Every structure is written in C-alpha cells, then in structure tokens.
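Start from the sequences, fold in the hints, and give me the full structure.
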Amino acid sequence: MGKIGEFEKTVVAEPIKEPLPAKVPQEVPEKPLKEPEPVEVSP
Amino acid sequence: MDGNLWLRSIIRNELWPPMERFEAHCSSFKTTDHSCISPEVNSTSGIYAYKSTSDALENLDRCSYRGTFLGRVSLWGVIQKHQFGYRAQFAYPVSLVFGICCVCKRNVNLKSEPFAIGWASLHITEAFSVSGFLCEDCNGIYYSVDIESSHRELSALTERYGISIE
Numbered sequence: 072m073g074k075i076g077e078f079e080k081t082v083v084a085e086p087i088k089e090p091l092p093a094k095v096p097q098e099v100p101e102k103p104l105k106e107p108e109p110v111e112v113s114p
Numbered sequence: 008m009d010g011n012l013w014l015r016s017i018i019r020n021e022l023w024p025p026m027e028r029f030e031a032h033c034s035s036f037k038t039t040d041h042s043c044i045s046p047e048v049n050s051t052s053g054i055y056a057y058k059s060t061s062d063a064l065e066n067l068d069r070c071s072y073r074g075t076f077l078g079r080v081s082l083w084g085v086i087q088k089h090q091f092g093y094r095a096q097f098a099y100p101v102s103l104v105f106g107i108c109c110v111c112k113r114n115v116n117l118k119s120e121p122f123a124i125g126w127a128s129l130h131i132t133e134a135f136s137v138s139g140f141l142c143e144d145c146n147g148i149y150y151s152v153d154i155e156s157s158h159r160e161l162s163a164l165t166e167r168y169g170i171s172i173e
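For the protein sequence lines, the chains are G and D, in the order given. Quick note on my numbering: the first sequence kicks off at 72 and runs consecutively. Quick note on my numbering: the second sequence kicks off at 8 and runs consecutively.
No lab work stands behind these hints, which were simulated from the structure alone. Here the structure is a predicted model, which means the values were calculated and not measured. Don't take each hint at face value.
Stretch by stretch, here's where chain D covers chain G in the computed footprint (C-beta under 8 Å, at least three residues) [unchecked claim]:
1) 74–83
2) 86–93
Calculated pairs, DSS-like style, for lysine-lysine (alpha carbon to alpha carbon, straight line, at most 25 Å) [stated by the list, open to error]:
3) K88(D) <-> K58(D)
4) K112(D) <-> K88(G)
5) K118(D) <-> K88(G)
6) K58(D) <-> K112(D)
For glycine and all other residues, C-beta sits at the position ideal for the given N, C-alpha and C.
Here it is in structure tokens:
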C-alpha cells in the first residue's frame with residue numbers, strides 16, 4: 072500500500088447529486104400518434 | 008468472469024461496479040455494528056486516493072502497483088484527510104491518466120504514449136511473473152501483444168464505466 076502521510080482532519084462531503092456518470096438512455100421507439108376514433112352518439 | 012473488463016481495488020480485491028458508487032467497509036471484519044461508518048479516524052479503512060499526481064508518484068509502492076492504472080476519482084461522504092491523500096467513504100472513477108508498466112514500472116501517459124495490456128501472466132522465474140499494463144519497450148521484448156486490441160479493450164472499459172482517458 073502507498074503512504075498517505077499523517078492524519079489531518081475529518082471532513083464530510085455531501086454532494087446534492089452523487090458524482091456518477093449519466094446513464095445513456097435506451098432508445099425507445101416512438102409510438103405513432105393515434106388519431107381519435109369517431110364515437111357514435113345516439114340522440 | 009463475464010467477458011467484460013472491470014476496475015478492481017488493488018488492496019481489497021473488490022470489483023468497482025460500473026455506473027454505481029463504490030463504498031468502503033469498516034476495517035474490522037468481526038464487527039457486528041452495522042451502523043459503523045467507514046472510514047473511521049483511527050483505522051486503515053476507506054477508499055484511498057492521493058491529493059495529486061505528484062503525491063501518488065512519489066509515495067505509492069511501485070512493486071504493488073505495477074501493471075495497474077492511475078487515474079482521478081471523485082470522493083464523497085466521510086473523508087479522512089491525510090498529509091498526501093484521503094481515505095473516503097464513497098468513490099467513483101473520473102478518468103484514467105497513467106499506466107505503470109508491469110515489468111520496468113515506468114509511468115506511461117495513456118493519452119500520448121503507446122502501450123499494451125497483457126492479461127496472461129508471463130512467468131519469468133518462480134518468484135517473478137507479470138501481467139497487466141505494459142510500456143511499448145517491454146511489450147516488444149516480453150509479450151508482443153497487439154497494441155490496437157489493447158486500445159480497444161481500454162476503450163470498452165472506459166465506455167462501460169462512463170469515464171475518460173486524460
């Protein structure tokens with residue numbers, strides 16, 4: 072193991088967002104927009 | 008293991024999970040205190056990192072680290088600050104910068120110098136075998152690993168972890 076020297080102090084670092092790489096979003100095939108079907112209304 | 012390359016802790020022999028934080032464990036394996044937060048002040052636990060490249064190059068044990076990579080990491084959570092480095096609770100790699108040749112222990116800049124990665128151990132004597140990162144000269148003498156395929160392997164690794172080569 073390497074040497075990191077004498078202890079100095081304790082700090083707490085709490086990032087608002089953890090520094091992880093952004094996951095690549097998987098491509099979702101776009102759904103074709105469906106036209107609304109006509110509805111029959113009885114008088 | 009699964010056909011993929013993994014980053015691994017040299018000291019603890021634990022794999023770093025891709026796209027997830029790596030977490031330190033308490034130094035005592037006998038502890039039953041699950042609320043224990045590593046790294047503790049008076050212990051050797053934690054994820055180790057140096058403050059700077061020069062601190063790393065001056066202080067690390069080149070025999071233990073031969074054949075490995077040096078890079079930058081993000082650290083967070085509880086961090087014990089030391090003179091030349093840190094022991095942290097959480098970490099994730101940011102980039103790979105140098106490789107340390109497993110034969111001659113020379114530092115090789117990944118961005119600007121040629122290198123190779125030899126995964127099969129080469130047994131020179133009973134007491135001396137090498138595997139891992141190689142400088143161009145030692146690769147030519149001992150391995151003759153295809154440099155192009157080494158670069159492809161490293162690219163696949165960095166892509167899987169979402170990290171860069173600096």
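> Taking a Cβ-Cβ distance under 8 Å as contact, does the segment 86–93 of chain G have three or more residues in contact with chain D?
Replying inline: With 6 residues in contact (Cβ-Cβ under 8 Å with chain D), the coverage given for the segment 86–93 of chain G holds.
> Has the given pair, K58(D) with K112(D), been kept, meaning a C-alpha gap of at most 25 Å?
Replying inline: holds (21 Å)
>> For a C-alpha distance cap of 25 Å, please report whether K88(D) and K58(D) respect it.
In response: holds (9 Å)
>> Taking 8 Å as the Cβ threshold, is the statement that the segment 74–83 of chain G is covered by chain D upheld or broken by the three-residue rule?
In response: n = 10 at 8 Å, threshold three: holds.
> Straight-line Cα separation of K118(D) and K88(G) no greater than 25 Å?
Replying inline: violated (29 Å)
> Would the pair K112(D) and K88(G) pass a check requiring their Cα atoms to be no farther apart than 25 Å?
Replying inline: Roughly 37 Å between the alpha carbons, so the hint for K112(D) and K88(G) is violated.
In this structure, the earlier hints numbered 4, 5 are contradicted, and the remaining ones agree with it.
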